[in-house]
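S.K.: Here is how the chains run, residue by residue.
Protein chains: 2
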Amino acid sequence: MMTKVAVVLSGSGFLDGAEIQESVITMLSLDRAGVSYQCMAPDIEQLHVVNHLTGEVSEGERRNVLVEAARIARTNVIDIALANPNEFDAVIFPGGYGAAKNLSDFAVKGADSTVQTDVLQFARAFAATGKPMGFVCISPTLIPHIYGADASLTIGSDADTATAINEMGGIHVNCPVEDFVVDEERRIVSTPAYMLDVRISEAATGIEKLVNKVIEMTNGK
Amino acid sequence: MMTKVAVVLSGSGFLDGAEIQESVITMLSLDRAGVSYQCMAPDIEQLHVVNHLTGEVSEGERRNVLVEAARIARTNVIDIALANPNEFDAVIFPGGYGAAKNLSDFAVKGADSTVQTDVLQFARAFAATGKPMGFVCISPTLIPHIYGADASLTIGSDADTATAINEMGGIHVNCPVEDFVVDEERRIVSTPAYMLDVRISEAATGIEKLVNKVIEMTNGK
Chain A
-4 MMTKVAVVLS GSGFLDGAEI QESVITMLSL DRAGVSYQCM APDIEQLHVV
46 NHLTGEVSEG ERRNVLVEAA RIARTNVIDI ALANPNEFDA VIFPGGYGAA
96 KNLSDFAVKG ADSTVQTDVL QFARAFAATG KPMGFVCISP TLIPHIYGAD
146 ASLTIGSDAD TATAINEMGG IHVNCPVEDF VVDEERRIVS TPAYMLDVRI
196 SEAATGIEKL VNKVIEMTNG K
Chain B
-4 MMTKVAVVLS GSGFLDGAEI QESVITMLSL DRAGVSYQCM APDIEQLHVV
46 NHLTGEVSEG ERRNVLVEAA RIARTNVIDI ALANPNEFDA VIFPGGYGAA
96 KNLSDFAVKG ADSTVQTDVL QFARAFAATG KPMGFVCISP TLIPHIYGAD
146 ASLTIGSDAD TATAINEMGG IHVNCPVEDF VVDEERRIVS TPAYMLDVRI
196 SEAATGIEKL VNKVIEMTNG K
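Just so you know, the sequences run in chain order A and B. Counted from 1, the first sequence has number 90 at position 95 by the working numbering; the numbering is strictly sequential. Counted from 1, the second sequence has number 93 at position 98 by the working numbering; the numbering is strictly sequential.
Check each hint, because a few of them may be wrong.
Identical chains share a label here; the pair holds if one copy fits it or two copies do between them.
Quick list of in silico lysine to any residue cross-link-like pairs, SDA-like style, CA-CA up to 20 Å [claimed, not checked]:
1) K204 <-> D26
2) K(-1) <-> R194
3) K204 <-> A102
4) K204 <-> R27
5) K126 <-> V62
6) K208 <-> S196
7) K(-1) <-> S196
8) K(-1) <-> E197
9) K(-1) <-> V193
10) K126 <-> Q33
11) K104 <-> L115
12) K126 <-> R182
13) K(-1) <-> T213
14) K126 <-> K204
15) K208 <-> G125
Read the hints as simulated data drawn from the structure, not as lab findings. Predicted, not measured: the structure shown is a model, and the values here were computed from it.
Construct all of the structure, not just a fragment, from the sequences and the given hints.
M.R.: Shown next as structure tokens:
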């Protein structure tokens, strides 16, 4: 059986959804490694819509996370509420503020955040299988909610975000863009990507390494 | 001076804008080659908005091509009407229906299509400099409008599109996804990418080759 990885998207566009470049590089890295993937997202309304040219919230505009995620996935995306955790060998969360605005409310509530119900249910059920999960950019802020206290993870070196993660019970480790952090016990890999001010090729190096590490871990390593 | 390439986007999402994966792979390939790029797009309303989950037109919804392109470009995109062709060493058009719905009306009018004014003005002025241009997926349908008759190009092997291109005065050449077609006289490179039913890694192979060929041509080869 071909290895199959779930890629959890949070919309399309880094200011209100999934970071597009990180999502595409994740999919490309998986396909190049000969691994199949299935994109999924929650079928919910986005926290808001941000005009990516001005950075301003587009008042009154509404978009759906699953529908927008379909833009990155070329239509092939499923509702995470309908996904079966047992069908996958690994799960990867690309970043983008959508991970902290739609998959959770970390962008608004920080250490007091909670995770969207369908996402939390899928992720916790998957974590219970002991199979590996990868987290890119801001998405490691989901880890304490999924795994409980004392999980090691990175979002790069942003002090405020690191402090909030530690308040939630996580153990933040500083990490450069071309590297990743592994929690061997929980089988979690994380890499900062665009949490740092980097070029696309630098983000790609870290994401490819994370993807390859996650794939390696699906083989029992 | 670092080589600088204009990347012309047509929105964000392959059914009504730029093909996201092709756009990201183009940018990644340029950055990996040590070449800088500037994304640009026309500041116009999209022909329409398509729900990428259902494939249906989202009646009453309106989006702007430049604003949506900023999602792929991480905000760094300029209005093509304000871009100076003399500042660039090459131009690349990723694909997506946006190239045939927003940059031109080929998707509606086929051989009778015309190109959006700002895009045509920039592209013709750039073509007059004799510097190289690359076209991915459906965007080679712009070539006869920019270069006039007898330019060699490919959109893969779609018979109807090829016929329309030939009616416009182009010379369509069938081409597999991992290859490209060069018109040496006009210094144009084209590759089919997602005009064919392929995996992301296959599209990436062709796009990377196109990008590297275009960069090679900026060095006078």
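S.K.: Hint by hint, say whether it matches the structure.
M.R.: Here's how the hints hold up against the structure:
1. K204 <-> D26: So K204 and D26 pass the 20 Å test inside a copy (14 Å) and across (18 Å) alike.
2. K(-1) <-> R194: Classified as between; 15 Å across copies, 29 Å inside a copy.
3. K204 <-> A102: neither (27 Å within a copy, 40 Å between copies)
4. K204 <-> R27: This pair counts as both: shortest intra-copy Cα distance 13 Å, inter-copy 16 Å.
5. K126 <-> V62: neither (28 Å within a copy, 39 Å between copies)
6. K208 <-> S196: For K208 and S196, the Cα distance is within 20 Å both inside one copy (18 Å) and across copies (19 Å).
7. K(-1) <-> S196: between (25 Å within a copy, 16 Å between copies)
8. K(-1) <-> E197: Close across copies (19 Å), not inside one copy (26 Å); limit 20 Å.
9. K(-1) <-> V193: For K(-1) and V193, only the inter-copy Cα distance (18 Å) is at most 20 Å; the intra-copy one is 30 Å.
10. K126 <-> Q33: So K126 and Q33 pass the 20 Å test inside one copy only (16 Å; across, 41 Å).
11. K104 <-> L115: Close inside one copy (17 Å), not across copies (47 Å); limit 20 Å.
12. K126 <-> R182: within (7 Å within a copy, 50 Å between copies)
13. K(-1) <-> T213: within (10 Å within a copy, 41 Å between copies)
14. K126 <-> K204: within (18 Å within a copy, 36 Å between copies)
15. K208 <-> G125: Result: close within a single copy only, 15 Å intra versus 45 Å inter.
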